[in-house]
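The residues making up each chain are set out below.
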Amino acid sequence: MTRKRRTAHFRVRLKTFLIIAAVGVLLCGNALGTCSIKTGTTKTCGNVTPSWGGPGTYYSWQVSPGIVTNLLTSEMGITPPSPGTTQIPVQIPQTGGTTVHEVHGNVAFMVWPPASCGSGSVIAQVRDQSGNTIAGVYLVGLSSVGSYNFPIKANLSKPLPITSLLLQTYTSQCGAVTISWSLVME
Amino acid sequence: MRKLTKRQCTYACMFAVALLLSRPAIAQNGSSGSGNPTWGNYSWQVTQASATTVVFNATFNTPSGYVSIPLTIPSTPITVHEVHGNITLTVPGSGTNGSIIAQLIDGNNNAIACVKMQQSGPGIATLPISGNFFTPLSVSSLHVAFYVDLPGVQIVSISLTLD
Chain E
1 MTRKRRTAHF RVRLKTFLII AAVGVLLCGN ALGTCSIKTG TTKTCGNVTP
51 SWGGPGTYYS WQVSPGIVTN LLTSEMGITP PSPGTTQIPV QIPQTGGTTV
101 HEVHGNVAFM VWPPASCGSG SVIAQVRDQS GNTIAGVYLV GLSSVGSYNF
151 PIKANLSKPL PITSLLLQTY TSQCGAVTIS WSLVME
Chain R
1001 MRKLTKRQCT YACMFAVALL LSRPAIAQNG SSGSGNPTWG NYSWQVTQAS
1051 ATTVVFNATF NTPSGYVSIP LTIPSTPITV HEVHGNITLT VPGSGTNGSI
1101 IAQLIDGNNN AIACVKMQQS GPGIATLPIS GNFFTPLSVS SLHVAFYVDL
1151 PGVQIVSISL TLD
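Protein chains in written order, with this note's numbering: chain E, 1 to 186; chain R, 1001 to 1163.
In short, the hints are calculated from the structure, not lab data.
Treat the numbers as computed from the prediction; the structure is a model and nothing was measured.
Backbone N, C-alpha and C define an ideal beta-carbon position, used for all residues, glycine too.
Treat each hint with caution, since some may be false.
Which bits of chain R does chain E cover? Going by a derived footprint, with three or more residues having C-beta under 8 Å, they are [as the list claims (entries may be wrong)]:
(1) 1035-1044
(2) 1055-1064
With a cut-off of at most 20 Å between alpha-carbon atoms, the simulated SDA-like pairs for lysine to any residue come out as follows [said to hold, decoys possible]:
(3) Lys43/E to Glu1082/R
(4) Lys43/E to Ser1068/R
(5) Lys153/E to Thr1161/R
(6) Lys43/E to Pro93/E
(7) Lys158/E to Thr99/E
(8) Lys153/E to Thr1135/R
(9) Lys153/E to His1081/R
(10) Lys43/E to Ile162/E
(11) Lys158/E to Ile123/E
(12) Lys158/E to Thr98/E
(13) Lys153/E to Pro113/E
(14) Lys153/E to Ser1130/R
(15) Lys43/E to Thr95/E
(16) Lys153/E to Pro1128/R
(17) Lys153/E to Phe1134/R
(18) Lys43/E to Pro55/E
(19) Lys158/E to Pro1136/R
(20) Lys43/E to Gln91/E
(21) Lys43/E to Leu166/E
(22) Lys153/E to Asn132/E
(23) Lys153/E to Thr1126/R
(24) Lys158/E to Glu102/E
(25) Lys153/E to Gly136/E
(26) Lys153/E to Gln125/E
(27) Lys158/E to His1081/R
(28) Lys43/E to Gly1065/R
(29) Lys158/E to Asn1132/R
(30) Lys153/E to Ser1159/R
(31) Lys153/E to Gly1107/R
(32) Lys153/E to Ile123/E
(33) Lys43/E to Asn1108/R
(34) Lys153/E to Asn1086/R
(35) Lys43/E to Asn1109/R
(36) Lys153/E to Val137/E
(37) Lys158/E to Pro1128/R
(38) Lys153/E to His101/E
Build out the structure end to end from the sequences listed, making use of the hints.
Here it is, written out as structure tokens:
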């Protein structure tokens, strides 16, 4: 092999290595969830650009534990085409799980202009690993553009042992929407 | 020495009675604070009787990212069985849209109250807060934390009673 061919070969290998490294960094960043800290004490989190939805669709979630409480915050932005039902798994920080006796917080829904669908609607639920709905809203007939904030408050007479959570959402409208959860679970 | 007239005596008595009546029936401890950070300004007050009341107001002129502001509790620790009150997000005419995370946290990182609110255009959004703690929280310190990432003026008001 001449020196020229060896140099060319080395350059090709170097480029291949750099591309693989770059892809690896991107994939690792996604898998680990490069989370922006929004609540100060985040222990588990996810920040993902999903394959569904239109350009700019995203979701992020985080769970911040205290000695007694767990705080779940999430935000999902969906641009057309609407994905219909989506399910986002959420890890909780406690390895052996925890028990939820009470939940309080809010859910927020925002329909962005221009909204050509007339009215907005969304089903949003926070479920446990067994399919129990800890909190849920079915918002329908909202005016086409605007923001809506609803309180959530519940005492669970039968406490739920949870090991993971699932954010389940159904959207069908053609405008861009944002759905956010903030729940203190204790 | 000049003697007081009957009318002056009456006024003096009424003034003394008014002073006595204006004192709160339950003794209150209080603490307060304020600040002018780069992102805007804030002020707060914590008062304690048999329950503890937290009042907080913050104006965000620019996105702050995550910020945490410690509050002083006059007498600690307090045991929190229940929280109730409200949190309001105001976007004044000069603002665009509002989006905030506002939370009240104790020294053990327990979130006592938290909202993630959104406001489309100028307007006011208010959320009631109500929470019961199955395991009462022993609270020795409190801080209020925010996450704001949208530009435009946003005002957050918090009024919470901890009992």
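Checked hints:
Figure legend: the segment 1035-1044 of chain R, annotated as covered by chain E; annotation inconsistent (0 residues with Cβ-Cβ distances under 8 Å, at least 3 required). Given as covered by chain E, the segment 1055-1064 of chain R fails the check, having 0 residues with a CB less than 8 Å from a CB of that chain where 3 are the minimum. The straight-line distance between the Cα atoms of Lys43/E and Glu1082/R is roughly 25 Å, outside the 20 Å bound, and the hint therefore fails. Proximity of Lys43/E to Ser1068/R is assessed by CA-CA distance (about 17 Å); at most 20 Å being required, the pair is judged to hold.
Straight-line distance between C-alpha atoms of Lys153/E and Thr1161/R comes to about 16 Å, which keeps the hinted pair within the 20 Å bound. The suggested pairing of Lys43/E with Pro93/E holds, with an alpha-carbon distance near 6 Å, which does not exceed 20 Å. Only pairs whose Cα atoms come within 20 Å are accepted, and Lys158/E paired with Thr99/E is accepted, the gap being roughly 10 Å. Proximity of Lys153/E to Thr1135/R is assessed by CA-CA distance (about 17 Å); at most 20 Å being required, the pair is judged to hold.
Between the alpha carbons of Lys153/E and His1081/R the distance comes to roughly 15 Å, so the proposed pair stays at or under 20 Å and holds. Only pairs whose Cα atoms come within 20 Å are accepted, and Lys43/E paired with Ile162/E is accepted, the gap being roughly 16 Å. A hinted pair counts as satisfied when its Cα atoms are at most 20 Å apart, and Lys158/E with Ile123/E does not qualify at roughly 24 Å. Annotation: proposed proximity of Lys158/E to Thr98/E holds, straight-line Cα distance about 14 Å (limit 20 Å).
Of the pairs offered as hints, the one joining Lys153/E and Pro113/E is violated, with about 30 Å between alpha carbons and a cut-off of 20 Å exceeded. Straight-line distance between C-alpha atoms of Lys153/E and Ser1130/R comes to about 7 Å, which keeps the hinted pair within the 20 Å bound. Only pairs whose Cα atoms come within 20 Å are accepted, and Lys43/E paired with Thr95/E is accepted, the gap being roughly 11 Å. Under the criterion of a C-alpha separation no larger than 20 Å, the hint pairing Lys153/E with Pro1128/R is consistent with the structure, at around 10 Å.
Pair hint Lys153/E plus Phe1134/R holds up; C-alpha atoms about 14 Å apart against a cutoff of 20 Å. For the given pair, Lys43/E sits about 29 Å from Pro55/E by alpha-carbon distance, which is inconsistent with the 20 Å threshold. The straight-line distance between the Cα atoms of Lys158/E and Pro1136/R is roughly 18 Å, inside the 20 Å bound, and the hint therefore holds. Our distance criterion of 20 Å between C-alpha atoms is met by Lys43/E and Gln91/E, whose separation comes to about 9 Å.
Between the alpha carbons of Lys43/E and Leu166/E the distance comes to roughly 17 Å, so the proposed pair stays at or under 20 Å and holds. Of the pairs offered as hints, the one joining Lys153/E and Asn132/E holds, with about 16 Å between alpha carbons and a cut-off of 20 Å not exceeded. Straight-line distance between C-alpha atoms of Lys153/E and Thr1126/R comes to about 15 Å, which keeps the hinted pair within the 20 Å bound. For a cut-off of 20 Å, the pair hint linking Lys158/E to Glu102/E stands: about 10 Å separates their Cα positions.
Between Lys153/E and Gly136/E the CA atoms are separated by roughly 11 Å; this keeps the pair inside 20 Å, and the hint holds. For the suggested pair Lys153/E and Gln125/E, the alpha carbons sit about 14 Å apart, so the restraint of at most 20 Å is met. Only pairs whose Cα atoms come within 20 Å are accepted, and Lys158/E paired with His1081/R is accepted, the gap being roughly 19 Å. Proximity of Lys43/E to Gly1065/R is assessed by CA-CA distance (about 18 Å); at most 20 Å being required, the pair is judged to hold.
At most 20 Å may separate the alpha-carbon atoms for a hinted pair to count; Lys158/E and Asn1132/R meet this at roughly 15 Å. With a CA separation close to 17 Å, the supplied pair Lys153/E and Ser1159/R stays within the 20 Å bound. Of the pairs offered as hints, the one joining Lys153/E and Gly1107/R is violated, with about 24 Å between alpha carbons and a cut-off of 20 Å exceeded. Proximity of Lys153/E to Ile123/E is assessed by CA-CA distance (about 17 Å); at most 20 Å being required, the pair is judged to hold.
At roughly 14 Å between alpha-carbon atoms, Lys43/E and Asn1108/R fall within 20 Å of each other, so this suggested pair holds. The hinted pair formed by Lys153/E and Asn1086/R meets the criterion: a straight-line CA distance of about 13 Å does not exceed 20 Å. Simply put, Lys43/E and Asn1109/R have alpha-carbon atoms about 11 Å apart, close enough for the 20 Å limit, and the pair holds. Taken as a hint, the Lys153/E and Val137/E pair is honoured in the structure, with Cα atoms around 12 Å apart against an allowance of 20 Å.
Using a Cα cut-off of 20 Å, the hinted pair Lys158/E and Pro1128/R is violated, with the two alpha carbons roughly 25 Å apart. With a C-alpha separation of about 11 Å, the suggested pairing of Lys153/E with His101/E holds against the 20 Å cut-off.
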